[in-house]
Amino acid sequence: MSIDTKVAIVTGASQGIGAGIVAGYRQRGWNVVANSRNISPELYGNDVGIASVAGDVGEPETAKRLVETALERFGRVDTLVNNAGIFIAKPFTDYTPADFNRKIAVNLAGFFYVTQAFVAQLKKADSTGHVVSITTTLVDQPINGVPAILASLTKGGIDSATRGLAIEFASSGIRVNAVSPGIIKTPLHAPETHSMLDSLHPLGRMGEISEIVQAVLYLEDAAFVTGETLHVDGGQHAGHW
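Per my numbering, the sequence shown starts with residue 771, numbered consecutively.
In case anyone wonders, no lab produced these hints; they're calculated from the structure.
Source: prediction; values computed, not measured.
Heads up, the beta-carbon is just placed ideally off N, CA and C, and yes, glycines get one too.
A few of these clues could be false.
Here are the simulated distance ranges between beta carbons [stated by the list, open to error]:
#1 Leu-973 <-> Ser-897: 33 to 41 Å
#2 Ser-897 <-> Pro-972: 34 to 42 Å
#3 Gly-997 <-> Thr-963: 32 to 40 Å
#4 Lys-893 <-> Asn-871: 46 to 54 Å
#5 Thr-963 <-> Asp-817: 29 to 37 Å
#6 Ala-824 <-> Asp-968: 30 to 38 Å
#7 Pro-861 <-> Ala-890: 12 to 20 Å
Listed next, the in silico BS3-like pairs over lysine-lysine satisfying Cα-Cα at most 25 Å (straight line) [to be verified]:
#8 Lys-955 <-> Lys-860
#9 Lys-894 <-> Lys-955
#10 Lys-860 <-> Lys-776
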């Protein structure tokens, strides 16, 4: 396999948005290292352009294995998509220590360890590259009736870190961006909830997985864009409506 082919690492890749992002990069001819906690090699059939790595992104060892797998299997690494995350909507005073620890482990530690390992490899190889993280529009525009402070706390940190890292590594040719979705139509949302979830967007509908994939791939191509959070949320971030 040619080492001229670019390589993306995608976390949270076993279903939904993550699986869509994997497919989007493969359609462009990229090789992909796909991760989730329990991902199976059989998920992507016999596609030799995808290497599956099971593991918890909240563990530094998983981050190390993702980068090592990219280098051992494909000879390089170019882009990291931090997609792994969990969402727990509860009134603030109902959150438990277990809820807090789970969110910190997946959303924040996962972002921190994998991004750190990825950027360290780019610096070691004196290579340019791209980090793009999936956040949430709730960071900018809370929604009445959707209490989600732990999402704001963790994904808000990633949103801020995106700009900080963009400045820190701009001179190294490493771009850092984010995509901020509204509510996306995935199997996690039961059909009977769709009408209510549609109404939470000014455009009157949920987003499609393909629209998040398009945003990620736009940022991949946008060589003069760094430190950007691209909202793909049907207008939610524009304010209260």
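To see whether the hints hold, each was checked on the structure:
1. Leu-973 <-> Ser-897: 33 to 41 Å: holds (39 Å)
2. Ser-897 <-> Pro-972: 34 to 42 Å: With Cβ atoms ~41 Å apart, the hint holds.
3. Gly-997 <-> Thr-963: 32 to 40 Å: holds (35 Å)
4. Lys-893 <-> Asn-871: 46 to 54 Å: violated (31 Å)
5. Thr-963 <-> Asp-817: 29 to 37 Å: holds (33 Å)
6. Ala-824 <-> Asp-968: 30 to 38 Å: holds (35 Å)
7. Pro-861 <-> Ala-890: 12 to 20 Å: Violated: the Cβ-Cβ distance is about 40 Å, outside 12 to 20 Å.
8. Lys-955 <-> Lys-860: holds (21 Å)
9. Lys-894 <-> Lys-955: violated (39 Å)
10. Lys-860 <-> Lys-776: violated (41 Å)
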